[in-house]
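2 protein chains.
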Amino acid sequence: MTKGLSVKKDENFSKWYSEVLEKAEITDLRYNVKGFVVIRPWGAMILEEMYKLYEQALQKRGHKPSFFPTVIPKKNFEKEAEHVKGFTPEVFWLKKVKGEDELALRPTSETAMYQMYSLWIRSWRDLPFKLYQRANVFRYETKATRPLIRAREFYWIEAHDCFATKEEAEEQVQEDIRTTEEVMHQKFGIPFLPMKRPIWDKFAGAEYTIGSDVIMPDGKLLQQPSTHLLGQHFSKAFNVKFKNKEGKEEYVWQTCYGPAISRILASVISQHGDNFGLILPFIISPIQVIIVPIFTKQNKEKIIKEVKKIKDELIDKGIKAEIDLREEKRPGEKYYEWELKGVPFRIELGEKEIENKEATLFIRDTRKKEKISLKEIGKIKKLGEEYDKRLLKKADDFMKDRIIECKTLKEIEEALKEKKIAKVEFCSTEKEGISCAEVIEKEIGAEIRGTLGNKKEIPKGNCIVCGKKAKEVVYIGRSY
Amino acid sequence: MTKGLSVKKDENFSKWYSEVLEKAEITDLRYNVKGFVVIRPWGAMILEEMYKLYEQALQKRGHKPSFFPTVIPKKNFEKEAEHVKGFTPEVFWLKKVKGEDELALRPTSETAMYQMYSLWIRSWRDLPFKLYQRANVFRYETKATRPLIRAREFYWIEAHDCFATKEEAEEQVQEDIRTTEEVMHQKFGIPFLPMKRPIWDKFAGAEYTIGSDVIMPDGKLLQQPSTHLLGQHFSKAFNVKFKNKEGKEEYVWQTCYGPAISRILASVISQHGDNFGLILPFIISPIQVIIVPIFTKQNKEKIIKEVKKIKDELIDKGIKAEIDLREEKRPGEKYYEWELKGVPFRIELGEKEIENKEATLFIRDTRKKEKISLKEIGKIKKLGEEYDKRLLKKADDFMKDRIIECKTLKEIEEALKEKKIAKVEFCSTEKEGISCAEVIEKEIGAEIRGTLGNKKEIPKGNCIVCGKKAKEVVYIGRSY
Numbered sequence: 001m002t003k004g005l006s007v008k009k010d011e012n013f014s015k016w017y018s019e020v021l022e023k024a025e026i027t028d029l030r031y032n033v034k035g036f037v038v039i040r041p042w043g044a045m046i047l048e049e050m051y052k053l054y055e056q057a058l059q060k061r062g063h064k065p066s067f068f069p070t071v072i073p074k075k076n077f078e079k080e081a082e083h084v085k086g087f088t089p090e091v092f093w094l095k096k097v098k099g100e101d102e103l104a105l106r107p108t109s110e111t112a113m114y115q116m117y118s119l120w121i122r123s124w125r126d127l128p129f130k131l132y133q134r135a136n137v138f139r140y141e142t143k144a145t146r147p148l149i150r151a152r153e154f155y156w157i158e159a160h161d162c163f164a165t166k167e168e169a170e171e172q173v174q175e176d177i178r179t180t181e182e183v184m185h186q187k188f189g190i191p192f193l194p195m196k197r198p199i200w201d202k203f204a205g206a207e208y209t210i211g212s213d214v215i216m217p218d219g220k221l222l223q224q225p226s227t228h229l230l231g232q233h234f235s236k237a238f239n240v241k242f243k244n245k246e247g248k249e250e251y252v253w254q255t256c257y258g259p260a261i262s263r264i265l266a267s268v269i270s271q272h273g274d275n276f277g278l279i280l281p282f283i284i285s286p287i288q289v290i291i292v293p294i295f296t297k298q299n300k301e302k303i304i305k306e307v308k309k310i311k312d313e314l315i316d317k318g319i320k321a322e323i324d325l326r327e328e329k330r331p332g333e334k335y336y337e338w339e340l341k342g343v344p345f346r347i348e349l350g351e352k353e354i355e356n357k358e359a360t361l362f363i364r365d366t367r368k369k370e371k372i373s374l375k376e377i378g379k380i381k382k383l384g385e386e387y388d389k390r391l392l393k394k395a396d397d398f399m400k401d402r403i404i405e406c407k408t409l410k411e412i413e414e415a416l417k418e419k420k421i422a423k424v425e426f427c428s429t430e431k432e433g434i435s436c437a438e439v440i441e442k443e444i445g446a447e448i449r450g451t452l453g454n455k456k457e458i459p460k461g462n463c464i465v466c467g468k469k470a471k472e473v474v475y476i477g478r479s480y
Numbered sequence: 001m002t003k004g005l006s007v008k009k010d011e012n013f014s015k016w017y018s019e020v021l022e023k024a025e026i027t028d029l030r031y032n033v034k035g036f037v038v039i040r041p042w043g044a045m046i047l048e049e050m051y052k053l054y055e056q057a058l059q060k061r062g063h064k065p066s067f068f069p070t071v072i073p074k075k076n077f078e079k080e081a082e083h084v085k086g087f088t089p090e091v092f093w094l095k096k097v098k099g100e101d102e103l104a105l106r107p108t109s110e111t112a113m114y115q116m117y118s119l120w121i122r123s124w125r126d127l128p129f130k131l132y133q134r135a136n137v138f139r140y141e142t143k144a145t146r147p148l149i150r151a152r153e154f155y156w157i158e159a160h161d162c163f164a165t166k167e168e169a170e171e172q173v174q175e176d177i178r179t180t181e182e183v184m185h186q187k188f189g190i191p192f193l194p195m196k197r198p199i200w201d202k203f204a205g206a207e208y209t210i211g212s213d214v215i216m217p218d219g220k221l222l223q224q225p226s227t228h229l230l231g232q233h234f235s236k237a238f239n240v241k242f243k244n245k246e247g248k249e250e251y252v253w254q255t256c257y258g259p260a261i262s263r264i265l266a267s268v269i270s271q272h273g274d275n276f277g278l279i280l281p282f283i284i285s286p287i288q289v290i291i292v293p294i295f296t297k298q299n300k301e302k303i304i305k306e307v308k309k310i311k312d313e314l315i316d317k318g319i320k321a322e323i324d325l326r327e328e329k330r331p332g333e334k335y336y337e338w339e340l341k342g343v344p345f346r347i348e349l350g351e352k353e354i355e356n357k358e359a360t361l362f363i364r365d366t367r368k369k370e371k372i373s374l375k376e377i378g379k380i381k382k383l384g385e386e387y388d389k390r391l392l393k394k395a396d397d398f399m400k401d402r403i404i405e406c407k408t409l410k411e412i413e414e415a416l417k418e419k420k421i422a423k424v425e426f427c428s429t430e431k432e433g434i435s436c437a438e439v440i441e442k443e444i445g446a447e448i449r450g451t452l453g454n455k456k457e458i459p460k461g462n463c464i465v466c467g468k469k470a471k472e473v474v475y476i477g478r479s480y
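As you go down the protein sequences, you meet chains A and B in turn.
Numbering (the working numbering) for the first sequence: 1 to 480.
Numbering (the working numbering) for the second sequence: 1 to 480.
Keep in mind that the hints are not guaranteed to be accurate.
Treat identical chains as interchangeable: a pair holds within one or across any two.
Here are the computed lysine-lysine pairs in the DSS-like style, where the Cα-Cα straight-line distance is at most 30 Å [said to hold, decoys possible]: (1) K317 to K431; (2) K423 to K23; (3) K187 to K369; (4) K455 to K34; (5) K382 to K393; (6) K79 to K248; (7) K393 to K95; (8) K64 to K382.
Bear in mind the hints are in silico, worked out from the structure with no lab data behind them.
Computed from a prediction, not measured in an experiment: that's the story for all the values here.
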């Protein structure tokens, strides 16, 4: 039990998560509207770093930013039949104003954006057409909400792309998985299973959906960015057409991709944190090095001068460094606070260190201290890269350990009990598989999450439920 | 008359403005909800650059970012009497859900944020407390809306600060004016009059308001960032108290500051643009140098190789450069398009230029072409700084020219007719001045915009309306 947190992460993950959010000052749940939370400065600064990297990755792949209105007229919303059915229960509506349309707060923006696409896209030369927006969206969740994980307002990016052919659109879906891999996995250190959802679990209005499932410490799955092949469902509903090279009009093929940055932050916190609090990846930590000077009245001036020099040097090297100069806190209290907040490196500097031309470097993930020569302070950049690699490796090991091949329902139950994910051979993720999925749900209380979306796995035997020849290898777990 | 725009800026500003927004692809007005527009990629990228500089300036002065919910319960909203009176007509309400509170979409976030402040602020050590959020806000405007200038949803920053004393809060108001000066004037090139509003025109719930008035090309004033001394009105309503050094509880003194980034973009467009389209300040242009290669089938490869080298060199120097490689457009069409979009510099490079180891450099504001040696391409950074200084000087000259001291109502009328602002001696901007202000409004159709908020100007004579001894020097104009 640490001084700060009242529970250990592996003993009561749910309580640990709530406490970390509160004590590391990520969110505050005391806003007086159900399902809406306040993001405090430390949380907001982390989100901004995450947004930056995500937007860079999307722009690099040809996406351009835009801003669409938050409100969507009901009549737009109703244009795509499956979409309206899927989303209507989750919509917040505005109070109708006489003489004006009924308006929804966007739960997602297909029906806001595609009417404009139909005005903008004219010819094959306009394709591919790739746009995204950074936006807050609203869903009237009736399930229990959880901060950052399931909220009635959340912060995401939505990318909406159009292509001339189905093949190009399908390639975009694969590109989206690679973007998730590059940013969420490689940069933020969150491994995932790209799950092609069973037909009964796809996005409302899509041909198919690939959701990224992340395994949480309690063994439950949390869906992170999903990418959807929308096909021509929406382009037909919104009349998004282009003239092909032969001058003939065709409907575009569409995809959309939705990384919920605030929810990814939930995974970052859950994946990397420990019993002492947050552990932030170096690459997204708003402060990468916190410098704590240790001084008395006598040597205060001298030591502050020295730590300022170190800070400037770190900043020149492109490292985000800050000095904790608060006088009302003792060094020990500062240490504890910055550990809780997950800052990767701490430099402690007092009289003795200055004499020896070195500092004490505390490393958050290993919780080890070492001496670092003041001359070599810039090597923290490299140490930061190594630090992120350690977090990544630890997360990867965690996930590898959690996937268990199962041959019987009993084995699935055992796996889930041990907070693991079952990998099983299954008849089908098309309609004919629904009855077997229902058996899994009723008997084990778990879901067929899907098949690998970026690599076909070939089953050798029969469906674990009905015994017919298996067409798929599926992953089964419980979800948030 | 240019090829692109059908009107000249000084002949029909209003039409010019609409055409520039459309043709430079800043906004699209065809979204089918009144008062809501789509921000297209070029507009979104400029806004992002502007946000970045504004947030930097706020953070430098100790503000921390945060995100508060978009929805505000009615009961919060009603806590500060003047505020609810001022804002209620402008609020979008959500359709009430049984068993839950009535919710408003934030028109501004005092009533969302300050309930949290009362939880967070405990002692004098927590002060000053300076927080901001980047947010979209909603106002049910009943006046005619205009894209970016007056919309029902807009993109802003709101900073909300708390202090131990009134003096510190008043100093924050002055700091806010300096932030506007540093960012909007010095960086974006938009001069303004910091107008301390007459008492009858202050923010609902404030002790006083200083709005930044910008003179538009049509002579009308557009209010840009305003800063408000809220005093203790809200801290009393929301119970935001701190223990002072003597251990006694006091209410905090508050200020708020609201730069509407999308509206500032309207001023950037209006201030700097010309008959050929936008002219963007170098510092916020998403593309600072557009490179247009001029090639035939024979030398295409060689020339593209060369422009890529130039682009890389510019990017290494921290200059945002892009190559326009589109094959379906002729160079002339590209020139015209990037001029319309306001890109500061264009590099034209063909066979001849490569032979001479130089390029043709087109400069957007002066519309002059000059030769630049390929060896010295990095000096565009410095040219960019000079370019921004020219825009700033031109804007300053424009404003200086527009303020006319007037001694009679007739002179005021004349000044306004010439698209100018009248500077006059006036009895009072407190309650006792209302009747004189009404005379100005009825007889001339203009408003008392206020007195200089950062420097007291001493009147020598009598009020231009009632003839009593003048206490103030005020500025009079018509506004958006």
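Here is how each hint holds up against the structure:
no. : hint         : in the structure
1   : K317 to K431 : neither (57 Å within a copy, 57 Å between copies)
2   : K423 to K23  : neither (37 Å within a copy, 55 Å between copies)
3   : K187 to K369 : within (25 Å within a copy, 44 Å between copies)
4   : K455 to K34  : neither (41 Å within a copy, 47 Å between copies)
5   : K382 to K393 : within (17 Å within a copy, 45 Å between copies)
6   : K79 to K248  : within (24 Å within a copy, 61 Å between copies)
7   : K393 to K95  : neither (50 Å within a copy, 48 Å between copies)
8   : K64 to K382  : between (32 Å within a copy, 28 Å between copies)
In this structure, the hints that do not hold are numbers 1, 2, 4 and 7, in rising order.
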